[in-house]
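K.L.:
The listed protein sequences derive, respectively, from chains Z and E.
Letter 84 of the first sequence, counting from 1, is numbered 84 in the numbering used here, and no numbers are missing.
Here the numbering used here = 1-based position in the second sequence + 125.
Because the hints were derived from the structure by calculation, they are not lab data.
Fair warning: this is a prediction, and the values are worked out from it, not measured in the lab.
Some hints could be false.
Stated by the list, open to error - To be clear about the criterion: a stretch of chain Z counts as covered by chain E if any three or more of its residues have a C-beta under 8 Å from a C-beta of chain E, and this derived list gives those stretches:
1) 4 to 13
2) 17 to 24
3) 27 to 41
4) 63 to 69
5) 87 to 95
6) 98 to 109
Heads up, the beta-carbon is just placed ideally off N, CA and C, and yes, glycines get one too.
Listed below are the residues making up each chain.
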Amino acid sequence: MHAWTDERVERVIGALLRWGVILAAAVVLAGGAVYLARHGSTIPEYRVFRGEPSDLRNVSGIMTDAVSWHSRGLIQFGLLLLIAVPVARVAFSVVAFALQRDRTYVVVTLIVLAVLLYSLTRAGP
Amino acid sequence: MNSLGFSLLVGLGSVAAGFLGSLTGLGGGVVIVPLLALVFGVDIRYAIGASLVSVIATSSGAAAAYVKEGYSNLRIGMFLEIATTIGALAGAFLAARMSPSAIAVIFGVVLFYSAYLSNRSRPEHPSTARPDPLATSLRMDSTYPTADGPRSYGVQNVPGGFGLMFVAGGLSGLLGIGSGAVKVLAMDRVMRIPFKVSTTTSNFMIGVTAAASAGVYLSRGYIDPVLAMPVMLGVLAGSMLGAVVLTRARSRILRTVFSLVILALGVELIYNGLTGRL
């Protein structure tokens, strides 16, 4: 078993970030292609703010739309994956600092993770 | 114009924004919002939502390259992220209570300031003063690679940097930008961290900061998937292209041109904000 040096942690984080972004971009691209193939000739309207429909505003709604291959839901799922990349990075850092027995930074990282999870789950309108 | 044409044009604009943003180090976010709002007539809330998503993509993509080089300091970044994420949450809540015109005016002012910061000279100033005891107890002092081997550095004024990072997070959440310029200011000028370490650590922090406000934006319906799609893919492609070119040439003229574009967009945003056209 190798020790979790700072350098090794940084390498793993680098890989996590890179593959996370590639995966998210691929899902967004696929969803976008489906959307434009189906609705490419509609006229877009962003001049007036209406806000997204409620199913595209929360994690469970987006999942439901994505599995039923709604193109907008699929893109939104890709964007959700993208938002999850930095969250995963912070979560991994908690584990890495714990393996290094660095208690101060376990606490620091847990605070950051708590703020992120609060924003994603609790921050309603 | 139909959705297909609109997506292609927005995508092309985003490639250009990402390209220039990465070449000049200002990030694509500062141009995406004015571009969408002023040129494409998009409501500033949708524009901010799409921009924020692209900020996460470029930050995470670029950080993957930076952590390998050994410049970024994970401990400094993580500690300061407490300030930026809480600031970002506050900024995102504030965004919902502010009129689009007020947001446009603040955005314009931030654009002026970014243009000013990017044109200032940046001397490397190896810190000779004793590091902040708080920084030492938080194990922030570290080394970075130079041509003559690793050089160590100490960190000054942790509370000052922490406070400014709260502001950086607030602006990020309010305007949907990475606010890398303010983050670098906090680390480089206030905490006296070497410039290269400051910029790479800032880039590393931008994604986490933006993710903190993204949840609020999502639940408020600011993130439109069809608009965000070409913006995210375009800015990502443009910034990757910029990173390739950057290693070969750094053009001073380009930086000046980009600053002028940013100044013009700032004037335009403030004017439209004050006359209530946005």
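K.L.:
The structure should be examined with respect to each hint, and the outcome stated for every one.
P.N.:
Now for the hints, and whether the structure bears them out:
1. 4 to 13: Holds, because 6 residues of the region 4 to 13 of chain Z bring their Cβ atoms closer than 8 Å to Cβ atoms of chain E.
2. 17 to 24: holds (count 5)
3. 27 to 41: holds (count 9)
4. 63 to 69: n = 0 at 8 Å, threshold three: violated.
5. 87 to 95: holds (count 4)
6. 98 to 109: The restraint on the region 98 to 109 of chain Z holds, since 5 of its residues have a Cβ under 8 Å from chain E and three suffice.
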